[in-house]
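Student: Heads up: the protein sequence lines correspond to chains A and B, in order. FYI, the numbering for the first sequence is 2 to 115, going by the working numbering. FYI, the numbering for the second sequence is 10 to 121, going by the working numbering.
For the record, the hints were derived by calculation from the structure and aren't laboratory data. Where is the CB? At the ideal position from N, CA and C, for every residue including glycine. Among the clues, some could well be false.
Unchecked claim - Over 12 Å on every C-beta distance to chain A, these chain B residues come out as not near it, computed from the model: (1) K58; (2) E75; (3) P88; (4) V102.
To be verified - Listed below are the simulated BS3-like cross-link pairs for lysine-lysine, each with C-alpha atoms no more than 25 Å apart in a straight line: (5) A:K10 - A:K58; (6) B:K77 - B:K58; (7) B:K77 - A:K10; (8) A:K15 - A:K45; (9) A:K45 - B:K120; (10) B:K120 - B:K108; (11) A:K58 - A:K45; (12) B:K70 - A:K58; (13) B:K70 - B:K120.
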Amino acid sequence: NAGVTQTPKFRILKIGQSMTLQCTQDMNHNYMYWYRQDPGMGLKLIYYSVGAGITDKGEVPNGYNVSRSTTEDFPLRLELAAPSQTSVYFCASSRTSGDTDTQYFGPGTRLTVL
Amino acid sequence: AQSVTQPDIHITVSEGASLELRCNYSYGATPYLFWYVQSPGQGLQLLLKYFSGDTLVQGIKGFEAEFKRSQSSFNLRKPSVHWSDAAEYFCAVGEGGNKLVFGAGTILRVKS
């Protein structure tokens, strides 16, 4: 049982490039989340999903897109990378709604945009 | 919208000393409250959570937290800190609509 896995661990992008951050969970959780963490700012919710085929915006969705074609996978797409997207990105999942249930976090992806 | 305030950005305690990390929230009803811990280079892990009932909740690794409605607080405590407790600690409140709101975090340093 690997829990929540994220790839890559580190990535450097040039301004204007695109990339996909991968997230997979093997706990059969319906709810999945993408957060970004900036120093001194805590975690901000980018997008979340309550099940396959259903996604919704969080607090800071601009510049990102998501899809949820399976229960296990919840990739985050960055289009036209900007320096403001330099951050650490965490994926999380929960069995039921994440505002009342335990969220399980992946190890994170550290992204730098130059 | 709900908000969470962690007034202390950094705290340093000696190994073996007691610890209290402060958390204040704004929320109209009885909140769902959480403490998560992030060790260096790792994702977050749940320490404990409060929904209702006994206002003193026990968590993993010897941590406990007390919900005080009158003070809108949910402070985290540990009677004796170990060097392995050095990490960043986040308080969070369930906002409804599947969302958690996190505080900015408190970095705990443990000196030997």
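Student: Over 12 Å from every CB of chain A: does B:P88 meet that, or does the non-interface label fail?
Tutor: 24 Å, holds
Student: Take a quick look at whether B:K77 and A:K10 sit within 25 Å of each other, Cα to Cα.
Tutor: 39 Å, violated
Student: Just checking, B:K58 versus chain A, shortest CB gap more than 12 Å?
Tutor: The assertion about B:K58 is violated, with a minimum of 7 Å to chain A.
Student: Below or equal to 25 Å on CA atoms is what counts here, so check A:K45 against B:K120.
Tutor: Violated. A:K45 to B:K120 sits at ~31 Å, over the 25 Å cutoff.
Student: Take the C-alpha atoms of B:K77 and B:K58, compute the straight-line distance between them, and say whether it is at most 25 Å.
Tutor: Satisfied, since the Cα-Cα distance of roughly 14 Å is no more than 25 Å.
Student: For a C-alpha distance cap of 25 Å, please report whether A:K15 and A:K45 respect it.
Tutor: 23 Å, holds
Student: B:E75: least C-beta distance to chain A exceeds 12 Å?
Tutor: 20 Å, holds
Student: Would you mind confirming whether the straight-line C-alpha gap from B:K120 to B:K108 stays at or under 25 Å?
Tutor: 36 Å, violated
Student: Given the hint that A:K10 pairs with A:K58, does the C-alpha gap stay at or below 25 Å?
Tutor: The given pair, whose Cα atoms are some 24 Å apart, holds under the 25 Å limit.
Student: Hint check: B:K70 vs A:K58, CA-CA at most 25 Å. Holds or violated?
Tutor: 34 Å, violated
Student: Take a quick look at whether A:K58 and A:K45 sit within 25 Å of each other, Cα to Cα.
Tutor: 11 Å, holds
Student: Is B:K70 close enough to B:K120, meaning Cα to Cα at most 25 Å?
Tutor: 18 Å, holds
Hint compliance for this structure: hints 1, 4, 7, 9, 10 and 12 are broken, all remaining hints hold.
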